[in-house]
Structure formats: C-alpha cells, structure tokens
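Student: Working from the sequences, and respecting the hints, build out all of it.
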Amino acid sequence: MSLSPEHLIIAPILIPFFAGALMLVYDERQRRTKLIIGLIAVTAMLLSAAELLVRSKGSELTGGNDIGFYLLSDWSAPFGIVLVIDRLSAMMLVLTALLALPALIYSAAGWHRQGQHFHSMFQFLLMGLNGAFLTGDLFNLFVFFEVLLAASYGLLLHGGGQLRIRAGLHYIAVNLTGSLMFLIGVSLVYGATGTLSMAHLSTLVWGLEEQPRALLQAGAGIMAVAFLIKAGIWPLSFWLSTAYMASAAPVAAMFAIMTKVGVYVLIRLSFLVFGAAAGVSTGYGALVLITGGLATVAYGFLGVLASQSLGRMAAHLVLVSSGTVLASAGFVLEGAGTGILAGALFYLLSSTLATAALFLLIEPMSREEGGIAALLALTADAYGLDEREEQPEVGLAVPGTLAVLGLSFGVCVLALTGLPPLSGFIGKLGMLRGILAAELPVPALGWAFVALVILSGLATLIGLVRIGIQTFWATESEPPRVLALEIAPVLVLVSLLFVLTLKAEVTMRYMQQTARAIISPTIYAEGVLGAPRAADGRESSP
Amino acid sequence: MEIVLSLAIGVLAASGIWLILRPRTFQVIVGLCLLSYAVNLFIFSMGRLTMAAAPVMPRGGFVDPTAYADPVPQALVLTAIVISFATTALFLVVLIASRGVTGTDHVDGQDREP
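Top line first, the protein sequences correspond to chains A and B.
Take 1 as the starting number for the first sequence in our numbering and just add one per residue.
Take 543 as the starting number for the second sequence in our numbering and just add one per residue.
Bear in mind the hints are in silico, worked out from the structure with no lab data behind them.
Each residue gets a CB set at the ideal place from its N, CA and C atoms; glycine is no exception.
Some hints could be false.
[Claimed, not checked] To spell it out: a stretch of chain B is covered by chain A in this simulated footprint if at least three of its residues, at any positions, have a beta carbon under 8 Å from a beta carbon of chain A; those stretches are: (1) 572-579; (2) 591-602; (3) 625-637.
[As the list claims (entries may be wrong)] Derived DEER-like restraints, expressed as beta-carbon distance ranges: (4) Gly-161/A to Ala-628/B: 48 to 54 Å; (5) Phe-238/A to Val-643/B: 28 to 34 Å; (6) Pro-565/B to Arg-509/A: 49 to 55 Å; (7) Val-605/B to Leu-14/A: 34 to 40 Å; (8) Ser-548/B to Ala-50/A: 22 to 28 Å.
Tutor: If you want it as structure tokens, here you go:
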C-alpha cells in the first residue's frame with residue numbers, strides 16, 4: 001500500500017490514539033517521558049491540522065473550497081464510514097491543537113502530578129474531539145462523542161476532592177442521559193431514512209414523504225437535545241458552571257472547546273440536513289436555536305454579574321460565547337445571509353482562545369501564600385503518593401509577576417468584551433453588521449440579539465474588571481510566585497489573540513468562504529457520495 | 543408483537559426516567575440502566591420487526607431483501623450496549639467514591655433539611 005497524501009486526513013485521530021496508548025506502557029512515575037510523548041503528539045497534530053487547513057482552502061479552480069475524503073476500509077460512501085475534511089472541520093482541528101499545546105505545557109507545572117493517567121486521558125480526549133470534527137457518519141459521531149466524554153469524565157475527576165466528585169457525578173449523569181437521547185435520535189433518523197451518512201441524508205431530505213419526514217424531524221430534534229446539552233443552551237446548562245469551575249485548570253482550558261463540539265455539530269447538521277435544499281423541512285429548528293441562544297446569552301451575562309469567583313465567571317463566559325454562536329447560526333438558517341455566520345465563526349475562534357487563557361489565569365491570580373508547593377503536599381497527602389519519587393521542580397519564577405498577569409488578564413478582558421482593537425471586536429462587529437443588513441421574518445428577534453450581544457459585552461466588562469481590581473489593585477499581600485511554566489501557556493494564547501487581530505483580514509476572508517460553503521450543502525453531499533474508491537483508481541490506472 | 547415490544551420499551555423508559563429523577567445515587571444508576579435497555583430495544587426495532595429472518599445475505603445472485611432482517615441496527619445496538627455498559631461502570635465508580643467521601647448517597651452529597 002502506498003502512503004498517499006489522503007491518509008493525512010486520518011492522522012489527527014491516529015496520532016493521539018497511539019500516543020495515548022503508548023503512554024500506558026510507561027509507569028506512572030515517568031511523567032516526564034509521558035509529557036514529552038504528549039508534546040510531540042500534539043505538535044504533530046498541530047502540523048497535520050495546519051496542512052489540512054491549507055489543503056482545504058483549495059485553489060482558484062475549485063472555487064476556494066476543497067473537500068477531502070477518506071473512505072475507511074475503502075467502502076464507497078453511503079455504505080461505509082467516511083471521514084470528511086472541509087474548511088469548517090479544518091478550522092476546528094487547528095483550534096483544538098492550538099488549545100491543547102498550552103494546556104499540556106500548563107499541566108507540566110504541577111497538575112499532571114496529581115492523579116493517574118492524566119496524559120493518556122488528555123490524548124484520548126483529543127482523539128474524540130478530532131474524530132467528532134472529522135467524521136461524516138452519524139453513528140460514528142456518537143462513538144467519538146463517547147470517546148471524548150469518557151476521557152472528559154476521567155479528566156474532570158483528575159485531582160480528586162469532594163467538590164470534583166460531586167460535580168463529576170452530576171456531569172456524568174447528565175451526559176449519560178444525553179448520550180441515550182443521541183442514540184434514540186440516531187435510530188429514529190435511520191428508521192425514517194435508512195441511512196446514517198450525513199451526506200446521503202442531506203440528499204434524501206427534500207424527497208421524503210409526510211410520514212418519514214415527521215419521524216426524521218422528531219429524530220433530529222431528539223438528537224439535537226444531546227448536542228444542545230453539550231453546547232450548554234439555557235435550560236440544559238445548569239450542570240456546566242459547577243463542572244467547569246471544579247475541574248483542574250488545564251482541563252478547564254480544554255473544556256472551553258467541548259461546548260464548541262456541540263455548536264459545531266449543530267451548525268454542520270442543521271445546514272446539511274435542513275438547509276436551503278431541504279424543501280419543506282428548510283429551516284427546521286432555526287427558531288429553537290435563535291430563542292435558545294438568546295436565552296443562553298441572557299443567562300450567561302446574568303451569571304457573570306452574579307459570580308463572585310473568576311472560575312464561575314469564566315464558566316458563564318463560555319455560555320455567553322456558545323449562546324451567541326448558536327443564535328447567529330439560527331438566524332442564518334432562517335435565511336439571514338452568510339455575513340453573520342462568518343462573524344460568528346470568527347467570534348467563536350477568538351472567544352474560545354480567550355476563555356481558555358482565562359481558565360489558565362485563575363490559579364496564578366488567586367494564589368495564596370505557599371502556592372503550588374502547599375497544594376501539592378496537600379493532594380499528595382490525600383492520595384498517599386510517594387512524595388520522594390520526584391520533588392516538585394522549583395521552576396523559574398517570573399519577574400514582574402503582577403505586570404505580566406495583569407496585562408494578560410487585560411488582553412483577555414478586551415477580547416471577551418469585544419472592545420477594539422482586539423479580535424473579539426471584529427467578530428462581534430461582523431455579526432452585528434450582518435444582522436442589521438439582513439431582512440428577518442421577525443425583526444424583533446434581530447434587535448433582541450443586537451441588544452443582548454452589546455449588553456453581554458458590558459456585563460463581561462463589569463464582572464471581569466471587578467475581579468481585576470480586587471486582584472491587582474486592592475490587594476496588599478505580596479505578589480504571588482508564578483512559575484514560568486504557568487505563565488508561558490497564557491502568553492501563547494494571548495499572542496494567538498494578537499495574531500488573530502493582526503491577520504484579521506485573512507482570517508475573516510477564510511470565515512466568509514467557510515460560511516458560504518456551509519450554506520450550500522450540495523457541494524459537501526455530492527463530493528462525499530462521489531468520492532472515488534482507491535481500488536477503482538488502481539483498476540483504471542494499473 | 544409490535545404491542546408487546548412497544549409496551550416493553552415504554553415501561554422500561556418510564557421507570558428509567560422516574561428513577562433518574564430520584565434523589566439517591568443508586569436509584570439514578572438503576573434508572574440509567576433501565577433507560578439504556580429501553581434505548582437498545584428501540585434501536586433494534588428500528589430495523590423493522592421480522593420473525594425468523596437471518597440478518598446476513600448469501601453471496602451472489604439476486605436476493606430478496608425483504609426475506610432478511612436489517613443487519614445495521616443489530617451492529618449499532620452491539621456498539622451501544624458496549625459503550626453504555628462501560629460508561630455505567632465508570633459512573634458506578636464515581637458513585638462509590640462520592641459515597642465514601644461525603645458519607646451519604648444523596649446525589650448532592652448532602653441530605654436536604656427536613
């Protein structure tokens with residue numbers, strides 16, 4: 001078998017899979033080796049994701065939208081499982097890898113020492129995320145969801161303690177129920193249409209008769225509940241803030257993208273199945289996305305105002321971000337033009353990076369006397385770990401701690417509130433411009449969206465500035481001792497925000513093309529169904 | 543047969559949902575198990591109900607697909623059973639840990655004041 005460039009598509013799934021499995025061979029004490037394997041794997045993932053991104057941009061010939069396919073076991077499309085890489089998936093892959101690298105570096109400062117198998121679970125989480133972004137098959141999507149959920153259960157409990165166990169119990173119960181809903185939805189869709197391939201589904205929808213159409217819509221609705229739980233839409237989001245707050249800092253930073261998996265799947269499936277070409281079913285569920293999204297933003301910003309700790313505030317900011325994106329996806333599904341979607345995708349990128357940075361900042365900012373050494377001693381005690389094995393490395397402390405912390409915090413605030421000049425502003429501006437230009441069936445909803453986006457920015461500003469004043473200006477204690485390993489990942493994320501701002505034009509153009517590709521699902525569907533098998537290619541050119 | 547199967551799924555799902563909403567962790571896990579049985583039966587029934595029909599077709603020639611059971615839901619249900627079994631086992635571990643740490647089997651880790 002020759003190694004053709006197509007095989008790169010499966011690399012983001014295989015790399016973390018093998019890396020995670022390889023780590024299991026090593027003893028729990030060889031954390032440094034595990035860390036190195038993890039770093040190599042994440043770097044390789046980042047490189048392959050970047051290459052896939054460049055490839056899916058395509059050339060002038062393909063209209064700037066080149067979709068890649070990978071037929072597993074060489075079964076042709078509606079019968080076998082297919083992996084699909086297009087602009088949207090490639091963007092999410094790159095975002096995942098960009099978050100994973102800082103989170104992994106941060107964990108090296110101490111967190112990975114506080115429980116078993118941190119690095120393996122981290123890799124399996126990445127495998128599940130990448131698989132969910134790549135797959136083109138509904139049941140395969142379920143399997144990858146379970147992979148990422150199972151890893152996230154372990155990671156959420158990482159570090160132990162009563163708060164984590166209680167939050168983990170709720171988190172697991174909610175997500176198990178969600179998975180069961182997902183299964184009911186998938187099987188209803190299969191019963192109604194006889195297919196599980198997303199592309200095949202999108203070509204079948206417009207020709208469905210009354211009865212199977214009702215079943216399909218019911219199935220899609222039930223399935224959507226599972227994704228909406230993940231995305232944290234308002235009435236289904238009460239588990240989220242406690243779980244995110246309780247999890248260890250590097251885990252919380254990765255969880256910032258877990259809500260985005262739900263958002264990604266909703267965007268992908270809504271436009272593929274109930275997009276413009278769906279006949280009677282066009283726009284199914286758009287109103288739920290809009291009203292649910294708006295309610296989530298409202299709940300999120302009230303939560304931000306009410307929160308007393310930075311952790312809970314950051315969790316509510318995650319809600320604001322996914323609510324905003326969901327609502328704008330709903331507007332576009334109603335037929336409001338691609339400008340909003342492009343803005344929303346840009347906003348998704350910038351807000352995910354900023355919330356992840358915020359989750360990593362929580363610990364250095366709220367560190368009391370004694371710092372990480374006391375923390376380590378405490379948990380080592382609780383776990384009965386052998387403390388002699390490895391003294392906590394007393395790393396390089398950063399000079400001018402308060403200045404560095406304060407400036408990074410300030411950048412996060414600017415990006416999250418959407419104030420110029422940083423990237424959050426550009427995304428929000430794109431969404432607002434799109435919504436004002438669009439002719440909506442219910443204009444009041446559009447105005448509600450505008451008001452909520454602006455108000456949520458204000459609430460974020462008030463909440464975060466309050467915390468900032470308490471931590472940086474109104475404190476009299478000695479500045480906290482922060483390791484270089486802890487601040488470097490934050491700086492990486494912050495500089496990514498700057499890059500996003502400086503390269504805004506290029507990124508925005510990419511997002512616009514992506515949005516245009518999303519709302520015309522026929523390219524995706526025809527491409528997948530017509531994907532050539534490798535065996536056929538060999539027969540024609542021996 | 544349709545009535546029997548739909549009754550079975552309905553009763554399992556209803557008792558599962560009732561138990562999930564109860565305050566004790568053990569009730570929740572039994573509820574999740576019952577609900578997953580209901581879902582597995584439901585997936586299975588989505589391949590249409592057939593009696594005494596093999597799911598695998600013979601090789602070559604024309605075969606009448608109506609004489610065979612749909613193999614896809616059977617494959618799906620196997621995967622679903624394995625996954626829900628594994629995640630339920632994981633949940634059981636967390637449940638026991640929670641009981642050990644908090645000393646109560648209430649889902650919130652503390653009994654509500656009467």
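Student: Run every hint past the structure and note whether it holds.
Tutor: Against the structure, the hints come out as follows:
{"no.": "1", "hint": "572-579", "in the structure": "holds (count 3)"}
{"no.": "2", "hint": "591-602", "in the structure": "violated (count 0)"}
{"no.": "3", "hint": "625-637", "in the structure": "holds (count 9)"}
{"no.": "4", "hint": "Gly-161/A to Ala-628/B: 48 to 54 Å", "in the structure": "violated (24 Å)"}
{"no.": "5", "hint": "Phe-238/A to Val-643/B: 28 to 34 Å", "in the structure": "violated (22 Å)"}
{"no.": "6", "hint": "Pro-565/B to Arg-509/A: 49 to 55 Å", "in the structure": "holds (54 Å)"}
{"no.": "7", "hint": "Val-605/B to Leu-14/A: 34 to 40 Å", "in the structure": "holds (37 Å)"}
{"no.": "8", "hint": "Ser-548/B to Ala-50/A: 22 to 28 Å", "in the structure": "violated (51 Å)"}
Hint compliance for this structure: hints 2, 4, 5, 8 are broken, all remaining hints hold.
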